[in-house]
Each structure stands twice: as structure tokens, then as C-alpha cells.
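K.L.:
Quick note, the sequences are listed as chains A and B, same order.
Quick note on my numbering: the first sequence kicks off at 1 and runs consecutively.
Quick note on my numbering: the second sequence kicks off at 1 and runs consecutively.
Source of the hints: derived by calculation from the structure; they are not laboratory data.
Please note: incorrect hints may appear among the correct ones.
[Claimed, not checked] Some chain A residues near chain B, calculated using beta-carbon distances under 10 angstroms:
#: 1; residue: F5
#: 2; residue: Q11
#: 3; residue: E13
#: 4; residue: D15
#: 5; residue: W18
#: 6; residue: K37
#: 7; residue: V75
#: 8; residue: P105
#: 9; residue: G124
[What the hints assert, rightly or not] What follows is a list of derived Cβ distance ranges for each label pair:
#: 10; chain 1: A; residue 1: G43; chain 2: B; residue 2: E249; range: 36 to 46 angstroms
#: 11; chain 1: B; residue 1: D712; chain 2: A; residue 2: G83; range: 32 to 42 angstroms
#: 12; chain 1: A; residue 1: A81; chain 2: B; residue 2: A73; range: 13 to 23 angstroms
#: 13; chain 1: A; residue 1: Q42; chain 2: B; residue 2: S462; range: 19 to 29 angstroms
[Claimed, not checked] Derived DMTMM-like pairs (lysine to aspartate or glutamate); straight-line CA-CA distance at most 25 angstroms:
#: 14; chain 1: B; residue 1: K251; chain 2: B; residue 2: D579
#: 15; chain 1: B; residue 1: K682; chain 2: B; residue 2: E665
#: 16; chain 1: B; residue 1: K567; chain 2: B; residue 2: E138
#: 17; chain 1: B; residue 1: K107; chain 2: B; residue 2: E70
#: 18; chain 1: B; residue 1: K132; chain 2: A; residue 2: D16
#: 19; chain 1: B; residue 1: K284; chain 2: A; residue 2: D16
#: 20; chain 1: B; residue 1: K284; chain 2: A; residue 2: D15
#: 21; chain 1: B; residue 1: K682; chain 2: A; residue 2: D94
#: 22; chain 1: B; residue 1: K132; chain 2: A; residue 2: E19
#: 23; chain 1: B; residue 1: K107; chain 2: B; residue 2: E138
#: 24; chain 1: B; residue 1: K436; chain 2: B; residue 2: E396
Where a beta carbon is used, it is the ideal one built from N, C-alpha and C, also for glycine.
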Amino acid sequence: MRVSFTVNGRQQEADDVWEGESLLYVLRERMGLPGSKNACEQGECGSCTVRLDGVPVCSCLVAAGQVQGRRVDTVEGLAGADGELSPIQQAFVDAGAVQCGFCTPGLLVAADELLEHNPSPSDGDIREALSGNLCRCTGYETILDAVRLAAARTGQAV
Amino acid sequence: MGITRTPTSLTQSSATRGGIGESTLRPDGTLKVTGEFAYSSDLWHEDMLWGYTLRSTVAHAAIVSIDTGEALATPGVYAVLTYDDLPTEVKHYGLEIRDTPVLAHGKVRHHGEPVALVAADHPETARRAAAKIRVEYEPLPVITDEASATAPDAVLVHEGRDDHHIGHVPHPNIVHRQPVVRGDAAAAAARADVVVSGEYVFGMQDQAFLGPESGLAVPAEDGGVDLYVATQWLHSDLGQIAPVLGLPERKVRMTLSGVGGAFGGREDLSMQIHGCLLALRTGKPVKIVYNRFESFFGHVHRHPARLWYEHGATRDGRLTHVRCRIVLDGGAYASSSPAVVGNAASLSIGPYVVDDVDVEALALYTNNPPCGAMRGFGAVQACFAYEAQMDRVAAELGMDPVEFRQINAMEQGAVMPTGQTVDSPAPVAELLRRVKSRPLPPERQWETTEGADVRALPGGLSNTTHGEGVVRGVGYAVGIKNVGFSEGFDDYSTARVRMQAINGEAVATVHTAMAEVGQGGVTVHAQIARSELGVTQVTIQPADTQVGSAGSTSASRQTYMTGGAVKNTCEAVRAKVLDLGRRKFGTYHPAWATAELLLEDGKVVTDGGEVLAGIAEVLDDEVVDLELEFRHRPTQAFDLRTGQGNGHVQYSFAAHRAVVEVDTELGLVKVVELACAQDVGKALNPLSVVGQIQGGTTQGLGVAVMEEIVVDPVTALVRNPSFTDYLIPTILDTPTIPVDVLELADAQAPYGLRGVGEAPTLSSTPAVLAAIRQATGLALNRTPVRPEHLTGP
Numbered sequence: 001m002r003v004s005f006t007v008n009g010r011q012q013e014a015d016d017v018w019e020g021e022s023l024l025y026v027l028r029e030r031m032g033l034p035g036s037k038n039a040c041e042q043g044e045c046g047s048c049t050v051r052l053d054g055v056p057v058c059s060c061l062v063a064a065g066q067v068q069g070r071r072v073d074t075v076e077g078l079a080g081a082d083g084e085l086s087p088i089q090q091a092f093v094d095a096g097a098v099q100c101g102f103c104t105p106g107l108l109v110a111a112d113e114l115l116e117h118n119p120s121p122s123d124g125d126i127r128e129a130l131s132g133n134l135c136r137c138t139g140y141e142t143i144l145d146a147v148r149l150a151a152a153r154t155g156q157a158v
Numbered sequence: 001m002g003i004t005r006t007p008t009s010l011t012q013s014s015a016t017r018g019g020i021g022e023s024t025l026r027p028d029g030t031l032k033v034t035g036e037f038a039y040s041s042d043l044w045h046e047d048m049l050w051g052y053t054l055r056s057t058v059a060h061a062a063i064v065s066i067d068t069g070e071a072l073a074t075p076g077v078y079a080v081l082t083y084d085d086l087p088t089e090v091k092h093y094g095l096e097i098r099d100t101p102v103l104a105h106g107k108v109r110h111h112g113e114p115v116a117l118v119a120a121d122h123p124e125t126a127r128r129a130a131a132k133i134r135v136e137y138e139p140l141p142v143i144t145d146e147a148s149a150t151a152p153d154a155v156l157v158h159e160g161r162d163d164h165h166i167g168h169v170p171h172p173n174i175v176h177r178q179p180v181v182r183g184d185a186a187a188a189a190a191r192a193d194v195v196v197s198g199e200y201v202f203g204m205q206d207q208a209f210l211g212p213e214s215g216l217a218v219p220a221e222d223g224g225v226d227l228y229v230a231t232q233w234l235h236s237d238l239g240q241i242a243p244v245l246g247l248p249e250r251k252v253r254m255t256l257s258g259v260g261g262a263f264g265g266r267e268d269l270s271m272q273i274h275g276c277l278l279a280l281r282t283g284k285p286v287k288i289v290y291n292r293f294e295s296f297f298g299h300v301h302r303h304p305a306r307l308w309y310e311h312g313a314t315r316d317g318r319l320t321h322v323r324c325r326i327v328l329d330g331g332a333y334a335s336s337s338p339a340v341v342g343n344a345a346s347l348s349i350g351p352y353v354v355d356d357v358d359v360e361a362l363a364l365y366t367n368n369p370p371c372g373a374m375r376g377f378g379a380v381q382a383c384f385a386y387e388a389q390m391d392r393v394a395a396e397l398g399m400d401p402v403e404f405r406q407i408n409a410m411e412q413g414a415v416m417p418t419g420q421t422v423d424s425p426a427p428v429a430e431l432l433r434r435v436k437s438r439p440l441p442p443e444r445q446w447e448t449t450e451g452a453d454v455r456a457l458p459g460g461l462s463n464t465t466h467g468e469g470v471v472r473g474v475g476y477a478v479g480i481k482n483v484g485f486s487e488g489f490d491d492y493s494t495a496r497v498r499m500q501a502i503n504g505e506a507v508a509t510v511h512t513a514m515a516e517v518g519q520g521g522v523t524v525h526a527q528i529a530r531s532e533l534g535v536t537q538v539t540i541q542p543a544d545t546q547v548g549s550a551g552s553t554s555a556s557r558q559t560y561m562t563g564g565a566v567k568n569t570c571e572a573v574r575a576k577v578l579d580l581g582r583r584k585f586g587t588y589h590p591a592w593a594t595a596e597l598l599l600e601d602g603k604v605v606t607d608g609g610e611v612l613a614g615i616a617e618v619l620d621d622e623v624v625d626l627e628l629e630f631r632h633r634p635t636q637a638f639d640l641r642t643g644q645g646n647g648h649v650q651y652s653f654a655a656h657r658a659v660v661e662v663d664t665e666l667g668l669v670k671v672v673e674l675a676c677a678q679d680v681g682k683a684l685n686p687l688s689v690v691g692q693i694q695g696g697t698t699q700g701l702g703v704a705v706m707e708e709i710v711v712d713p714v715t716a717l718v719r720n721p722s723f724t725d726y727l728i729p730t731i732l733d734t735p736t737i738p739v740d741v742l743e744l745a746d747a748q749a750p751y752g753l754r755g756v757g758e759a760p761t762l763s764s765t766p767a768v769l770a771a772i773r774q775a776t777g778l779a780l781n782r783t784p785v786r787p788e789h790l791t792g793p
């Protein structure tokens, strides 16, 4: 089948999609967007988190056909058009929240969504919002640091 | 168009920050936050096929027949391979003992063993074709534990063993056995005022790295193959892959792709040979990516263990003796079991001074999943047991558990049970003091003006308690881990460093085969080059087999070993640059001949600070390019009867204090804080060091309260190969982890550094267990603790 939808603001389409393919597979293997990660493909780890019409979802659990005509935002769409990192991306780099980095894209999409509707989250809010994203390297301390840092920097900028 | 998303060089310029001791940011950080970093599962070739592995559905069985006809006839399938298709006489691989078949031959020895391979034009086509391969199994008796493995009539997991351990093991189903005997434990036991003995069980932990096993094999015109893969040691892989393919090593060109974590689980091969076989057979690039279910079968796990300990002490709190027996389950293939046995045996007593010890450690061959390297291997299991014992002896003596440990803590100059003298700082008592003196987190933190914040309670958002039945406990533990490869292994690393002037600026390029698995080695290499060569711009080339071996990214060794190799080569490059300078400019200034010269901020300066020339000026058109090996001091094998020998390179120490809150009615545990103090010798990158300590601590927390691969005790089938059923800590399960870093230099090591990665994984688990015991009053002799252990009869 043919599937067409908007990815990071651009209309994209894929042909010869098998009905069983996930949104994650189509993004990674058919659209050249491998930023969303394939850590479990079971909806448990959050590494494939993208936003579907603004809502964070595990793209491994979304059938590609379900996305027809809808809007998808991935980690590749976070940075500015000039390549400038978004506040949450820069904060992850600065806080040392990236080690192997495999969980990072999903965490960035989830944290970006958190800060959009809660610009100054408490630690409890951050933990709750990111509880669907597994990280095996950091012990999460620097991820908390990064979200706090992004919130503080964004707050100062306003 | 060829391959896309292959590894690229990382170039970093850093004017003000960037030498050793600074928290320089990762050179790959920007690529990783934009989604552009090329992991091994991101590789893509326009003409590629997808490989898939058919695995055994039973743990121990003879293979009566394999029928691949229907699979091969499936449209879209390009190849189906079994053992009979292997191209050479070399059909096995392995880290030390080559006992692992590339594809099962005659029988399967564990659940999930690779039996056949399929290449097809779509991953689902390959999976469905594999499901059409008919394998007829005839069941064999299943060996699951020590009793069934060593029974007189036990079926042998491996018949006809000819490895170098078979001569000293008491049964062919024992991979390796290492006693450590020092002093006279029996005589010392007679002097003890208290004797405490116990049996402990350590469950099977999984590395659970997030990036699945994956890679791309591309057939080359010269008949060879280019392999892009995530691994921990390229050259070890190469030595195992090439003979099976029947190719000289120079025709198997390996490049490290982005690695999504490792923790020991990528030391053994996974898809490497399989991908190459399919690529060479089909003449097309072949990509293999495991899903999480397959990943649980695609790598070795941490050895589960049963441990028996007896500790004695006098009334004044001095240990008299320790006797112990450690039985590790190595599963169906040897992997790194011999090294795990060596660590468990030699570190079995912990960081304590005990003159009289009698230790036996061994690893079994069974039909359980193969076990091998995982962060802290061998030392982790022992630490869980000896620290439980230390608490029990302290309680028996009526002493404070920390004080009791401090009385017996080793210091620099102490003698290990192996007879080896600990010849660098061993601040065991100080680490304990530091975690103990930290203020305790406030109690009842869940109470807010709007009621209970359930996120801070055991059970969390499941909303199971608002504080009723919740009790707090505090526990301590400390551990000792060896750094680097031990027991006489010729452990070395190689670094190639090039220095040249580009556009009037001196720049450095560092090329090693070190596997960057997330630990930050690439960051540290650039820092070392800046410090040693006085440059700001450093390029880190992708790791590949075009440069000499870096050894494994394991055993907490890479900053010591490949960091040491980069430092060593930079020093030689610097000497050449200074020689060039002396030849060009020596006649103009006497300081070239008389002063100690340094490279700083792009200039040649005297130790008095006088600038003699720009480095770019000295280099002009010359390129200084050297590749050198670096070795740590040699070690010795342990005596096979007594365990005596200077077996280890360096020791590393960490201590933890755990604070837990337990819902005693439902058996749920919330770890509130997990404080760590660790000596790192010298923190080359403090941000990375703290990140390693927090990450290691969290893996120790996982195996304390949730992580275990459940293997059926009768069938040896794996019951929970998914992140739905194998739980690793989330951000809600993980507490605040305050870290206290000591820097007491080891004079033997580059910059005085001490390997960091593993030690925090040791003491974290027993500290959490100790805290739960204190909260509940229960004995708790196994890890992980499950709710039924806390609420059951």
C-alpha cells in the first residue's frame, strides 16, 4: 500500500508498504529517518517515541496505515532549520545526559512535549513524564539535570 | 550509491576547556541528540537483504533433521543456510574456548541456539520463511544445576573436551575451577568467638543494552567482506570470524558502528559471522537486526550463582578466617566463564584483610542460557554474599556494621588472599566513612500539603499505599574489583596519532580500534591529545581494524589501556615534533637544547614559560604519524591448586549507602537514595566519571529489586525474554544518586587513574539488600528480592 503523511512539517510518502509495517519501520527504513530508535519494538522502552498529531506515542506500536494523512514529529525535527539545537537538545549535551545515546531521541521527544505544556516541572513531574523511556547507561540523574536545565534556560529567555 | 549512515570522524575544537581533568563535552553529543549518529541498526544499503536467525525451541536435544525446502522456495528468499553450508573446517568460535558452533550441529545445547539463517528482501519475509524450516528434535536430558551437571551418570554438555581446563576440573561439566588457599582456615576457625555461615543465591541478570545486536555485511570485489557492527572488541571478533569464512584477516575489514550500550553483552559474537556468511553466499549486502525478544537469546548473561560462606571473628571485631564455595552457572558454552571464575575466586573475600582463607570457585556447563561478561563479572556475585555475611557477623558481635567493616578494611600494602600486595591506595575505610557521614534524606518525603505524592512511595503511580505499612531501612556495602585483563593475559592497546599543520594551525588526529560503547572514550582521547600535544583541534577517526588492537571495552580497562596508548603515542609524537624544532630552530635559541620543552596552546614553550616557536611553524609541511602499542605491567596466572599469584593489574573500590522504604504489606520497595563514594585515582573527565558511577549503581539497584532472567528449572526454557517481563529500572524506580569522587593516584597508571566502570555495580546491590533487611528484619539470602520474599511466610 501507499502511505502519505507529514513528517516534521514535510509531506512524505512511501510505496509498497506491507500492511504489517510499523510507523517506526517506515520512518527508519523507507523515509531515511533512523533517529527514532528500535530498542524493544514492544512498546516498553520509549526509544521510538514520536509525536502523532502532537501526542507522544511509541511509533513501534503504530501501524503505518494508521498515520495516513496525519502529522508526525520526530527527533530529526527538533533542531532549527539552520541546525541550531533546541533548548532540550543542548541541555542533554551540556548536562552529560548522553552516553550511548540510544534512548536519547525518545527521551528528547518526550521531554520536549513535557516542557511544552509544563514549562517548570517539579522533579516528580519529570520522573512521571519520562517513566516510559528506559535508559540503561546514566541512572537518569543527568537526564533530570538536563530537563531542569532546559526549563531554567527557557524560563530565563521568556 | 552505496552504504549510507556509516561512521564518521568526530572533530572537536576546544579552546578553553578540553584537557584532562576537565568535563569536556562528548564529540558525538550533537550527532546523538539530532538523531544523526549512525548506530549499527541504522545502516542501510540500497541493494541490501535482511538476515534472520532461526533458533532452537528446546534447551537440549539431538537434531534429527532440518528441512529447508519450503523456506528456500519462498518468494523473496535469497538464501537459507545451516551447519552443512559452512564453508571451511572451522565451524566453532569462542572468546577463549572455541566451543560455540556457528550454527547448531547434531544437537542444540540451550534454548535459542542458532540453527539456520535466512536472507530475504524484507525482514518479515525472512521471519516467515524461517518459520517454514522444519527442525525435528529428539529430547536429551536437561542439565540445569550443579547436582544434575556433576552426577556420575550425567550427560556431558560437551563431549571430547580438549581445552586447557579439562585437565584440572573434577568433572567434564565444569568449565574451570579455581581454589584460593592461604594460611590455615581450619586452625583460625578455632580462634573465632563467633562463626556465621550462610548460603546465598544470585539471579541471572541481563545487560539489557538498548541498541539491539545488529550490523551490515557488504561483500567486496576482492572476495572479502566489509563488516559494520556494534561490538566491544573489533580484533577479537576478527580473529573468530575470519577462520570460519576461510578468509585472511586482511579481507575481513571491520568498522565499529554506533554502539547502543554493551555492559559485557557484546564481548561475544552475535550476528557477525552470520551476516558475513549470508553476504558472501548471496553476493549482496546483508543487514541483521535483532528485536528485543531475540536479543535476550543473542547474547550471554551475568552468571547466576550459589554461594556458601563461613566467616569467623573475634569479639573485638577482627575477622579470623573465611571459607567459601562459589558455584557459577556458565550455561551451555564457555564464553568468559574462566575469567569470571578467576575474579570470583580471587576477590571472594572482599576488600578486607583476612590471613586464613579457603576458597573454591567454579563454573558449570549446563543447558541454561550461556553466561559470560557483565559489568563487574565474578566480583559482583561474591560481593553480594560477603557483604551480607559482614552484616551478619557485625550483628552477632553487637557491632555497628560500618565500624566492623572499617576494622577489617584493607589499606595500601595489604596482602590479598592470592598473596598479591595491594601496592596503590585502597581507601576502603574512608569510602565507608564518606557515605556514612552524608546526611540522611528526610523521612516521609511523600507527604505534601495536598496529601501523599504517590510517586515517592513504594508502588508509585499504582497508588497502592499512602504511607501505611511503609518502613525505612539503611544499608551499607563496599566492594573490590580488578581493572584490566588479569591472570597473565598479554593485555595491550594500540594508538595511532598524527600531527600536522593545516591552515597554519597544528591539529591532531587519533586513530584507535577502541569500541566506544557510550562510556566516553572518544571524549577522553581528544582530551589527552590536547593535554599532551598543546592543540585545540582533535579529530577522532572511526574505530576499525586498519589500526592495531585496542583490546576490549570491558574490565574497566579502556581509559587505562587505550587512554594510556594515546598518551604514550602522543608523547612519542611530541618528542618527534621537538626534534624537528631543534633541527630547524635550535641554532637560534639555546633553550632548544637546554630547557625542558612543552607543547602548549599551539606553541613550543620552555618549562619557564618562554615561547620558542609555533607548533605549526615547526611542522610546516611535515606530518608526524606514529602507531604504538601500550601494555600494563605483566600479571601472573593463579596457581591452579592454591590460587597464589600476582594475578591482577589494579584494584578499584566503591562503597554505597542505600536508603529504602518498604511497603511491608505488599512487599514493594522504593529506593529513596543510593549514595556512592569511589576512588578513581584521577578523574580525566569528572562529568563522565560521575555518569559511569550513577549508571553502574543503577544496574546494581536493578538486580537488587527487579532484574532476573527466569529460566524454567526443568526445561531450561527462558520465561521472560522481553522488556514487558524482564524489568529494568525506570526513572521512577531510580533514586537520587549522590556521588563522592576520591582521586588518590595509582603511581603505576597513566595520570594515576583507576578504572571506574565496574566497581559501583558491586556494592550497590548488597547495600540495597542490607537496607531492606534492616527495614523488614528478614534474612533475604537471594537477589533480586521479589514481593513474595517480603510478605511470604
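K.L.:
All the hints need checking, so say for each whether the structure fits it.
P.N.:
Right, here's what the structure says about each hint:
The closest approach between the C-beta of F5 of chain A and any C-beta of chain B is roughly 18 angstroms, which is over the 10 angstroms cut-off, so the hint fails. At its closest, the beta carbon of Q11 of chain A sits 20 angstroms from a beta carbon of chain B; the interface hint therefore is violated under the 10 angstroms criterion. Below 10 angstroms, beta-carbon pairs count as interface contacts, and E13 of chain A has none with chain B, the closest being about 18 angstroms; its hint is therefore violated. The interface hint given for D15 of chain A is violated, since its Cβ lies 14 angstroms from the closest Cβ of chain B, which is over the 10 angstroms cut-off.
The beta carbon of W18 of chain A comes within 6 angstroms of a beta carbon in chain B, closer than 10 angstroms, and the hint placing it at the interface holds. The interface hint given for K37 of chain A is met, as the beta carbon of that residue sits about 7 angstroms from the closest beta carbon of chain B, less than 10 angstroms. Residue-level restraint check for V75 of chain A holds (minimum Cβ-Cβ distance to chain B is 4 angstroms; threshold 10 angstroms). About 5 angstroms separates the beta-carbon of P105 of chain A from the nearest beta-carbon of chain B, less than 10 angstroms, and the hint is met.
Here the hint on G124 of chain A is kept, as its CB sits about 5 angstroms from the closest CB of chain B, short of 10 angstroms. Between G43 of chain A and E249 of chain B the beta carbon distance is about 42 angstroms. The supplied range of 36 to 46 angstroms therefore holds. The supplied range of 32 to 42 angstroms is broken by D712 of chain B and G83 of chain A, whose beta-carbon atoms lie about 52 angstroms from each other. Distance hint check: the CB atoms of A81 of chain A and A73 of chain B are about 50 angstroms apart, inconsistent with the given range 13 to 23 angstroms.
Judged by the Cβ atoms, the range 19 to 29 angstroms given for Q42 of chain A and S462 of chain B holds: they are separated by roughly 20 angstroms. For a cut-off of 25 angstroms, the pair hint linking K251 of chain B to D579 of chain B is broken: about 38 angstroms separates their Cα positions. Distance check on the hinted pair: K682 of chain B and E665 of chain B sit about 46 angstroms apart at the alpha-carbon level, beyond 25 angstroms; violated. At most 25 angstroms may separate the alpha-carbon atoms for a hinted pair to count; K567 of chain B and E138 of chain B exceed this at roughly 57 angstroms.
Distance hint between K107 of chain B and E70 of chain B is fulfilled; the C-alpha atoms sit about 22 angstroms from each other, no more than 25 angstroms. Only pairs whose Cα atoms come within 25 angstroms are accepted, and K132 of chain B paired with D16 of chain A is accepted, the gap being roughly 24 angstroms. Between the alpha carbons of K284 of chain B and D16 of chain A the distance comes to roughly 21 angstroms, so the proposed pair stays at or under 25 angstroms and holds. Restraint check for K284 of chain B and D15 of chain A: the C-alpha separation of about 23 angstroms stays at or below 25 angstroms, so the hint holds.
Proximity of K682 of chain B to D94 of chain A is assessed by CA-CA distance (about 22 angstroms); at most 25 angstroms being required, the pair is judged to hold. For the given pair, K132 of chain B sits about 21 angstroms from E19 of chain A by alpha-carbon distance, which is consistent with the 25 angstroms threshold. With a C-alpha separation of about 9 angstroms, the suggested pair K107 of chain B and E138 of chain B falls inside the 25 angstroms cut-off, and the hint holds. Only pairs whose Cα atoms come within 25 angstroms are accepted, and K436 of chain B paired with E396 of chain B is accepted, the gap being roughly 21 angstroms.
In summary, the numbered hints that this structure violates are 1, 2, 3, 4, 11, 12, 14, 15, 16.
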